[in-house]
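First to last, the sequence lines map onto chains W and Y.
Those letters in the first sequence? Residues 22 to 369, per the numbering used here, in order.
Those letters in the second sequence? Residues 22 to 369, per the numbering used here, in order.
In case anyone wonders, no lab produced these hints; they're calculated from the structure.
Treat the hints with care, as some may be off.
Since the list gives no way to pick out one identical chain from another, each pair is judged satisfied if it fits inside one copy or across any two copies.
[Unchecked claim] Straight-line C-alpha distance at most 20 angstroms; calculated EDC-like pairs for lysine to aspartate or glutamate: (1) Lys304 x Glu190; (2) Lys34 x Glu245; (3) Lys357 x Asp25; (4) Lys34 x Glu243; (5) Lys290 x Asp367.
Protein chains: 2
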Amino acid sequence: MKIDVILKEATSKSYVVSIDELDKLEFDTKVAIVTNTTVSSLHLQTLLGLLHVKEYFVITLSDGESYKNFTSLNYILEACFEHRLDRKSLLIAFGGGVIGDMTGFAASIFQRGIDFIQIPTTLLSQVDASVGGKTGINNSYGKNLIGTFWQPRAVYCETAFLKTLPPREFSAGVAEIIKMAVTFDKPFFEWLETHDLSDEANLKIAIQKSVSLKARVVALDEREEGVRAVLNYGHTFAHVIENETKYTTYLHGEAVAIGIVMANKLAFKLGLLTQEEMKRIKKLLEQYHLPTTYTIPSLEAFYDAFFLDKKSAHAKIKFILVSSIGGYEIRNDIAKEIVISALKDDNA
Amino acid sequence: MKIDVILKEATSKSYVVSIDELDKLEFDTKVAIVTNTTVSSLHLQTLLGLLHVKEYFVITLSDGESYKNFTSLNYILEACFEHRLDRKSLLIAFGGGVIGDMTGFAASIFQRGIDFIQIPTTLLSQVDASVGGKTGINNSYGKNLIGTFWQPRAVYCETAFLKTLPPREFSAGVAEIIKMAVTFDKPFFEWLETHDLSDEANLKIAIQKSVSLKARVVALDEREEGVRAVLNYGHTFAHVIENETKYTTYLHGEAVAIGIVMANKLAFKLGLLTQEEMKRIKKLLEQYHLPTTYTIPSLEAFYDAFFLDKKSAHAKIKFILVSSIGGYEIRNDIAKEIVISALKDDNA
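Isolated chain W (complex conformation):
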C-alpha cells in the first residue's frame, strides 16, 4: 500500500543586496540584533541611529572564529526565547562572517525558521559570506560542518563600516575579491592589477562586482550541486590549514590566499595554468600583504584531512582549479601522488 506525498512547488526566492543604503532600513516587527563585542563598541550606535524599528534588543557575543560553535548558537537561541521572539520576528546579523553564519543558522532553526537580515561589517563578509545563504558553525571535525541553507531577507553592505577595519582584515576580504576575479572574470582581474582598493571609489566598484558575480553563481546553484563549488577555489586547502592551526594563526581570507596558491601549484602541475599566470595571481595577493606560503607539518596528515571536508562526497576530493585566469575546472580524479608532489613543489 502506497500513499504519495507531493509538496507544492516552492515559489522563487529573491532578495536585494544594497550598497550604502542602510538609512532606508525599516521594520515593524520585534528585532534581535546579533553582534560581537568589537563591532558593538565601534558601530552599534551608528546602526541604532539609522534603524527604524519598533522594538529591539541586542545579543553580544565574544569576537572570533573560535566562538563559532554550539555554545554561541545556543546563547543566541536562548536570548530569543527569553525575549519572546515569535515566528514573525527578525534577526539582524551585525558583524563579520562568523556573526552572519551563526545568526543565519539561529534564524533557520528558531521555531523552524524566521527571517534575518545581513549587515556585514567586514570586507570579507560583504563580498562573500553575506550573500548566498550558507549558515553554519564549526566543530572539532572542521569548519561549517553543521548548518543550513537559509537565505537572508536582504543584505546591506555599508562601506562606512570598513573604515575601522584592521589592515589584515581588509586584505583578507581582498583575497575573496581576487578569488572571484581569477575564477570568473579576467577583465576584472586585470582591473584589480591596476587599481588600488584602498581608494574608496575603487573599493565600491570591487564590492559591487564581487557581489554581482557571487549572486549570479548562487542564483544558478543554491545548494552547491554544480557551479557554486567554484566559490570554494582555494578553500579545500584553506580549511585544512585553518583546522591544523586551530583557527588562531590565520584569518579566513589569509588561509584562502595560501589555499589559492596551493590550488594553483596543482593546476600548474596538471598543465591548466601557466607559470606566468600563477605568478601574476600570487603577486596580486602579495600586493595586499596576504600570506602565500604555509609549512605543512605532515603531508600525509594534510592530505588525509581533505576527507573530512564536507565537499568530498563519497571520499572523492573535489579540487577547484583555475584553467587560465577567468576560467575554472572542477576535478575529483586527481591521484594522491600528484597532489602531494604539487604541495611539495616550492619552485612553482
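Once you've looked at the hints, dock chain Y against the given chain W.
What follows is chain Y alone, placed relative to chain W:
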C-alpha cells in the same frame, strides 16, 4: 546601488509512504540507523534482516521525550562525523516521534542537509509525526521550539512493529487518528465509532486513512501558513499540559486527548459544537482509555503559557476549533475571559 539575488525555483518535492512494504527497502550509500534502547532490543534484528545496505552503523539513544534535546542531537551528529558520513549518506529514523524528529533535525543540519528515511515504530509516529517534515527538539521554553522543515526521502510504516506497543502507547496513537477524523472527515469518525482498532485489518485501514488525510494537508501547506495549523487541534492545550507536567506524566497522544476535550469545551462555549457532538468525541477517546481531564494548577499560568507556543505569532493565540464533526475553524480573536471560563466549565 542594488543587486538582485534571484534563486531558481525549487523543484517540486515528493515522497512515498509505504505500508507493510519494508522488505523492498534498498540503499547503496553509507547508512546511520538512529534508534533508542527499547526499539533496538525489540526490533533491530528484524530491521537488519530486511535492510539491503552496503555499510551501516547504529546510533542508540535513551528512550523518552526527556532526551529530545540538544545533547542527544549533538550525540547523533558527533557519531555521524566520527563514522565519516558525507553528503551522500543517509540517516534512518527507527523509532517513535522523538527519534523521528531528532533524526530529521540532525539530517537537515549535518553538512547543511542530507537525506533521511522514516521507519516509525509507534502508532503515533506512523499516523502523524513521520509524515510532514517537521523536525525538532524541546528546550526549557517548550516543545519543538528549535527545528527545521525537512522532508524524509520515504516513510515505511510497518504494522508488525506495533504488536509490541504497550496499550497506553497504542491508545496515544489512536488519539491522533481520532483528531484527523474529527477535523477533516465525518464518515471516518463514524466508522471509528463502530470499528475496533485492536483488529489488525481495521487498524491498517485507519493508518492508511490518517496518513492520506495528513499527506493531503501537508501537500497544500508545508510551512503551516494555512490549513496545516488544523493538525494542531488539541495541541495548543496539550503543549502547555506537557510542559507543566514536565513531559513525564502524559504521553503526547494522551495530552492531545485532554487537549481535544479542552478545545471542544471552548468550541461549545462559542456555539460551534453541540453538547452531543462533544460527548461523542469524548466517548470515542474514552473507548481507548485515553485521559480526558487534567486539573489545571493555575488558570492564569496556564493561559500565559500559550504565548510561548510557537504557533502564536504576534502574541495572538491561534485556537483550532471543531465546527461540528468533520469541520474546523481557526480563531485568533477569542478573549482571555472566554478561554478561562471554558476551561473552568466541568459540565461541558
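Do the hints match the structure? See the list:
no. : hint            : verdict
1   : Lys304 x Glu190 : within (19 angstroms within a copy, 69 angstroms between copies)
2   : Lys34 x Glu245  : both (16 angstroms within a copy, 18 angstroms between copies)
3   : Lys357 x Asp25  : neither (45 angstroms within a copy, 41 angstroms between copies)
4   : Lys34 x Glu243  : both (11 angstroms within a copy, 16 angstroms between copies)
5   : Lys290 x Asp367 : within (12 angstroms within a copy, 83 angstroms between copies)
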